[in-house]
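Participant: Listed below, chain by chain, are the residues.
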Amino acid sequence: MVHISDGVLAPEIWITGYVITAIILFFTLRKIKAEDIPKISIITSAFFIASLIHVPIGPTSAHLILNGLMGILLGVYAYPAVFIGLLLQALLFQHGGITTLGINTVDMGIPALIAYYIFKISRNPITAGIACGFAVFLAVLLTSIVLMLSGTEFYETAILLFIAHIPIAVVEAVVSAFVVATLLKVKKEVIT
Amino acid sequence: MKKFILVLTVLLMLTLPVSAHRMYVNYRVSEIEVYSWYGGGVNVVNGDVKVYRSDGSLYVEGKTDQNGTFRFKPEIGESYRVVVESMGHRAECEINLSSTQVVVKEEPIYLKVISGLGYLLGLAGIASFYVARKRR
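These protein sequence lines are chains A and B, in that order.
Mapping to the working numbering: the first sequence position 150 is 150, numbers consecutive.
Mapping to the working numbering: the second sequence position 45 is 45, numbers consecutive.
In isolation and in its complexed conformation, chain B is listed as follows (with noise of 0.2 angstroms):
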């Protein structure tokens, strides 16, 4: 009996400290880098750039650098909305600091082109048929 409390004191000293040594690993974003783009894929450069907390406020102002990117240390648990305007050119991004990626995918040109070929084909049909109506 004596040497079975033995045993247990000794598996118990054994598996208590590995318990107690349980690793995290957590993350907090210390920094966001913004990056702005005119479609097809040009940098906008030197754009002006003005980041809003959630209740609309504004954060920090700057401007896009050569690559079109602008960096800002966010406050942990807001989220932002980024407005980037140049030369009466806008757009604008939420960042969520609660969701841990933020991915815009851009769709390929040449199937924006294609489908906008398409519409001014229905456009023209639609057009030709309406003349040719009125005319009768």
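Excised from the complex, chain A in its bound form (with noise of 0.2 angstroms):
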């Protein structure tokens, strides 16, 4: 539930997203290599795909994000992939929106990106499961803060989203826990 739909931001904020979004794009897609172009398009078609696994908590139902392990299979251009990933669920699934891409891809980006610094610290599967549920949490708070500054009630939904995404992060810090591990042993070159 951490995309946005059109119509519900007021413009300042999601103008707002974009002008960051922009900022960021910018400084992340600067040194991008040719080589690094097929990881970032598997790994985004992956994100993309998994906001399409519901799980069914309570009253609302919550999907996988994926944002944490983007972060640490691609650095820095988790923010350019998260970027695509959401303009295509926004165009095909009609999660998210348009106008709101812009501050989605700051509520899931910027996660990733401190996922990314966080498994920096040390590389082992630990540490990437913790960040990894940590960039879950963190992406429910910034959607929670957005959705306040356009006149939600905070407690309200950010309780609730944050019970929602519980089992979440759990699963999202089991799979990258896995994931990591498997490639650490098996490719190492590949975790940046």
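Don't take each hint at face value.
[To be verified] Label-pair restraints from in silico Cβ distances:
id: 1; chain 1: B; residue 1: R71; chain 2: A; residue 2: S122; range: 52 to 58 angstroms
id: 2; chain 1: B; residue 1: R71; chain 2: A; residue 2: E35; range: 55 to 61 angstroms
id: 3; chain 1: B; residue 1: S128; chain 2: A; residue 2: I98; range: 24 to 30 angstroms
id: 4; chain 1: A; residue 1: I121; chain 2: B; residue 2: L117; range: 30 to 36 angstroms
id: 5; chain 1: B; residue 1: K73; chain 2: A; residue 2: I191; range: 58 to 64 angstroms
id: 6; chain 1: B; residue 1: V29; chain 2: A; residue 2: P167; range: 40 to 46 angstroms
id: 7; chain 1: B; residue 1: V25; chain 2: A; residue 2: E156; range: 47 to 53 angstroms
id: 8; chain 1: B; residue 1: G56; chain 2: A; residue 2: A22; range: 30 to 36 angstroms
id: 9; chain 1: A; residue 1: A181; chain 2: B; residue 2: S128; range: 29 to 35 angstroms
id: 10; chain 1: A; residue 1: V170; chain 2: B; residue 2: R53; range: 42 to 48 angstroms
id: 11; chain 1: A; residue 1: I191; chain 2: B; residue 2: G122; range: 25 to 31 angstroms
id: 12; chain 1: B; residue 1: G62; chain 2: A; residue 2: K31; range: 49 to 55 angstroms
[Said to hold, decoys possible] DSSO-like, lysine-lysine: derived pairs with alpha carbons at most 27 angstroms apart:
id: 13; chain 1: B; residue 1: K134; chain 2: A; residue 2: K39
id: 14; chain 1: A; residue 1: K31; chain 2: B; residue 2: K134
id: 15; chain 1: B; residue 1: K134; chain 2: A; residue 2: K33
Hints are computed from structural coordinates only; laboratory data are not their basis.
Backbone N, C-alpha and C fix where the C-beta goes; we use that ideal spot for every residue, glycine too.
Combine both chains into one complex, guided by the hints.
Facilitator: Written out as structure tokens, the structure is:
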């Protein structure tokens, strides 16, 4: 539930979202290499499809985000990858929206970057799991703050979103820990 | 001649009541049920529903139930805009009571997934081309 739809936010908020996203995209895409593109594309496609995996929780349902894992695997390129993935989700699944694309990228992309820097401290599966679980909650927190700025009651929304995302965070932490453990054994150079 | 008039009268008496009892059937919509779901088929439970008249004023509001549905009684001849919101998600649909049925069909999800992967492949191609050119 971290995708905000069109028409929910005030124009000044989503325009700010686009400005922040444009700045981060500029800095992250500056040094991109042609060899990185296939990897970015594959992980973006995983992110794009992950949002279809729904976990029903109480009155609502939440889906996998995988933003933390993207950060770990892609480093700073996770931000453009989140942007492209969200664009396709908005166009094809109507998850999120076109006006809110910028702010949704902020909500999910910044936690991805933070997960990357947490993982850099010590490259092992346990840090990866913690970083990914944390990235989910941070995405929820940012979404709640954005919704609050638009007038939704903060505590109500934030608490509901947090409860809904506890299983998601656990699932993502476990999945990411295993992915990272496997990659460290099999193909260490994939992890930046 | 007299016999002819008598027959004619009887015939007219027989035919007149028939045309006077011509049957009609028509319909009016006394209740509208809207339903809301997330892509993939999960119902929107407890979503905020707002129904607006064609001039933009609020007609009725409420919340969706367990099945993602919400019912309201419409005024005849009006058209409505229904907006459902749930934790940052939002969807809307138009109800026009002059047309009988409103059918919203969702494309199969696997087609969307395949088209999305196609877009990604295309974007990857364009990006590779651009980066490779820039470096030369």
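Participant: Hint by hint, say whether it matches the structure.
Facilitator: Each hint, compared with the structure:
{"no.": "1", "hint": "R71(B) to S122(A): 52 to 58 angstroms", "verdict": "holds (56 angstroms)"}
{"no.": "2", "hint": "R71(B) to E35(A): 55 to 61 angstroms", "verdict": "holds (58 angstroms)"}
{"no.": "3", "hint": "S128(B) to I98(A): 24 to 30 angstroms", "verdict": "holds (26 angstroms)"}
{"no.": "4", "hint": "I121(A) to L117(B): 30 to 36 angstroms", "verdict": "holds (34 angstroms)"}
{"no.": "5", "hint": "K73(B) to I191(A): 58 to 64 angstroms", "verdict": "holds (60 angstroms)"}
{"no.": "6", "hint": "V29(B) to P167(A): 40 to 46 angstroms", "verdict": "holds (41 angstroms)"}
{"no.": "7", "hint": "V25(B) to E156(A): 47 to 53 angstroms", "verdict": "holds (49 angstroms)"}
{"no.": "8", "hint": "G56(B) to A22(A): 30 to 36 angstroms", "verdict": "holds (33 angstroms)"}
{"no.": "9", "hint": "A181(A) to S128(B): 29 to 35 angstroms", "verdict": "holds (30 angstroms)"}
{"no.": "10", "hint": "V170(A) to R53(B): 42 to 48 angstroms", "verdict": "holds (46 angstroms)"}
{"no.": "11", "hint": "I191(A) to G122(B): 25 to 31 angstroms", "verdict": "holds (27 angstroms)"}
{"no.": "12", "hint": "G62(B) to K31(A): 49 to 55 angstroms", "verdict": "holds (53 angstroms)"}
{"no.": "13", "hint": "K134(B) to K39(A)", "verdict": "holds (20 angstroms)"}
{"no.": "14", "hint": "K31(A) to K134(B)", "verdict": "holds (11 angstroms)"}
{"no.": "15", "hint": "K134(B) to K33(A)", "verdict": "holds (10 angstroms)"}
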